[in-house]
Structure formats: C-alpha cells, structure tokens
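J.: Listed here are the chains, written in short residue letters.
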Amino acid sequence: AQSVTQLGSHVSVSEGALVLLRCNYSSSVPPYLFWYVQYPNQGLQLLLKYTTGATLVKGINGFEAEFKKSETSFHLTKPSAHMSDAAEYFCAVSESPSGTYKYIFGTGTRLKVLA
Amino acid sequence: GAVVSQHPSWVICKSGTSVKIECRSLDFQATTMFWYRQFPKQSLMLMATSNEGSKATYEQGVEKDKFLINHASLTLSTLTVTSAHPEDSSFYICSARSGLGSGRAKETQYFGPGTRLLVL
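The listed protein sequences correspond, in order, to chains A and B.
Oh and the first sequence: position 102 is 102 in my numbering, straight run, nothing missing.
Oh and the second sequence: position 92 is 1092 in my numbering, straight run, nothing missing.
Where hints are given, some of them may not hold.
[Said to hold, decoys possible] Calculated pairs, DSS-like style, for lysine-lysine (alpha carbon to alpha carbon, straight line, at most 27 Å):
id: 1; chain 1: A; residue 1: Lys112; chain 2: B; residue 2: Lys1106
id: 2; chain 1: B; residue 1: Lys1041; chain 2: A; residue 2: Lys49
id: 3; chain 1: B; residue 1: Lys1106; chain 2: A; residue 2: Lys69
id: 4; chain 1: B; residue 1: Lys1106; chain 2: A; residue 2: Lys49
id: 5; chain 1: B; residue 1: Lys1106; chain 2: A; residue 2: Lys68
id: 6; chain 1: B; residue 1: Lys1055; chain 2: B; residue 2: Lys1041
id: 7; chain 1: B; residue 1: Lys1064; chain 2: A; residue 2: Lys58
It should be emphasised that the hints constitute simulated quantities derived from the structure, not laboratory data.
This one's a predicted model, so the numbers in the text were calculated from it and none came from an experiment.
The shape of chain A in the complex, shown without the other chains (with noise of 0.2 Å):
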C-alpha cells in the first residue's frame, strides 16, 4: 500500500531564509508524487510535480522538489523565504496501480514565515 509521511506540522523560518519541507512516501511501483499549497479559505494549487525523468523538479514561486528513491524522499524547498509563502503544504502521491487515480495526501505542514 502506498502512503505519504510529512516530518513536521508546522514548520517556521525566516524571511530570506531557506526553506525545506520534508516528505516521504512509501509505494511498490514508481511513486508519481505532487506538492500542493493551500492559502487560507482557498482550493488546491499545484507547486509542481514528479513523473519520470528528471529527479529535480522546478516548480512555480521558486520551489522545487528532488526525488530520491533511495530515501523514499521527495522533500521540498525554496532557496528564500518570501512573506507570501505563509501558507499549509501538501504532499501527495498518486495510488496508481488501483486505476482509480485517487491521491493520498500527506497530513499537511504549516508555513509561517517571519519578518
């Protein structure tokens, strides 16, 4: 079964300072994994996202997200934190091998960002 690990609820850093959210996951076929952000009062929006290929993803906002196999790790971050990355964080994979399509999200990290 597969399943999504994200280390720390809430995670706080400096403005200027780098960011990094971890997440694991664990799958028995080749993981197809997402990071989302959600603003407060707001939908779902994809930061970026892993298929195959390239283990460095680039997303938008400056983000971008390394999959290593190795570690079951797709952990996120951000060379600078802006005020306007406060927001929660979501990691998800994509449960492929049922055919449904379904994600399992990550229980979420919380941003704060600190003038």
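Fit chain B to the known structure of chain A by using the hints.
T.: What follows is chain B alone, placed relative to chain A:
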C-alpha cells in the same frame, strides 16, 4: 489552463435543508472528478470519485444517500448535501483530472477553490 471552479464559494443554510455544490472544469474535459472534505487545520479527506456518466464510488464511511454526487457531463459534477445538519459544516473541495496526455500525466488532479458550508 486546467482551471476548476466551484459554486457557491460559501453557503449558509438551515438544518434540514439540502445544499447543492457545483464543480466545473472550465478549459478541459474532466474524465474523473473527486470530492473532498476538509476539517479545520486538517488534510483533505476523499469522499467520493465520480466518472462521467456512471455512479460515484464512495469512500468507506461516507453516506451515499447523504452526499449525492452527479457527474452528468464531462465538465460538471455536483455534490448535494441532503438534509444538512450542523455536523455537515465543513470546507468541500472538488478536483478534476482530464484523462488526456501520455503516460501518467493524466493522473494530475486540478483543484477547485472550495466551498465553505455552514449549517445552522
């Protein structure tokens, strides 16, 4: 591209009434739409999966007679909360996938902005 809208964005209703929420894919045809529920400060909980022209598949523990889902066209799915009660108050989010694209690209879900329901 890949825009999903929801209507209404928020709704307040009296206990016992029914509420319909619409989910539309604006610039693509959605083979599959998903309905989620999100409680405050929690992750998304999948309620059901709907494919155009067929009955929705509900997740375990979700009452299908309570949450009626219709996916009548490739661009529209509706969720009706029947006889709503205060415990149904929540943030409801839909998502859609197009089914197009090569390989696993068709697995990408695009999310709507959500509908906040408050039942008094």
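J.: A separate judgement is required for each hint: does it hold in the structure or not?
T.: The hints, checked one at a time:
Pair hint lysine 112/A plus lysine 1106/B does not hold up; C-alpha atoms about 33 Å apart against a cutoff of 27 Å. Restraint check for lysine 1041/B and lysine 49/A: the C-alpha separation of about 24 Å stays at or below 27 Å, so the hint holds. Taken as a hint, the lysine 1106/B and lysine 69/A pair is honoured in the structure, with Cα atoms around 22 Å apart against an allowance of 27 Å. For the given pair, lysine 1106/B sits about 12 Å from lysine 49/A by alpha-carbon distance, which is consistent with the 27 Å threshold.
Proposed proximity of lysine 1106/B and lysine 68/A is supported: the alpha carbons are some 23 Å apart, at most 27 Å. Taking the CA atoms of lysine 1055/B and lysine 1041/B, the gap is near 31 Å; set against the 27 Å cutoff, the hint is violated. Under the criterion of a C-alpha separation no larger than 27 Å, the hint pairing lysine 1064/B with lysine 58/A is inconsistent with the structure, at around 40 Å.
When each numbered hint is compared with the structure, violations occur for hints 1, 6, 7.
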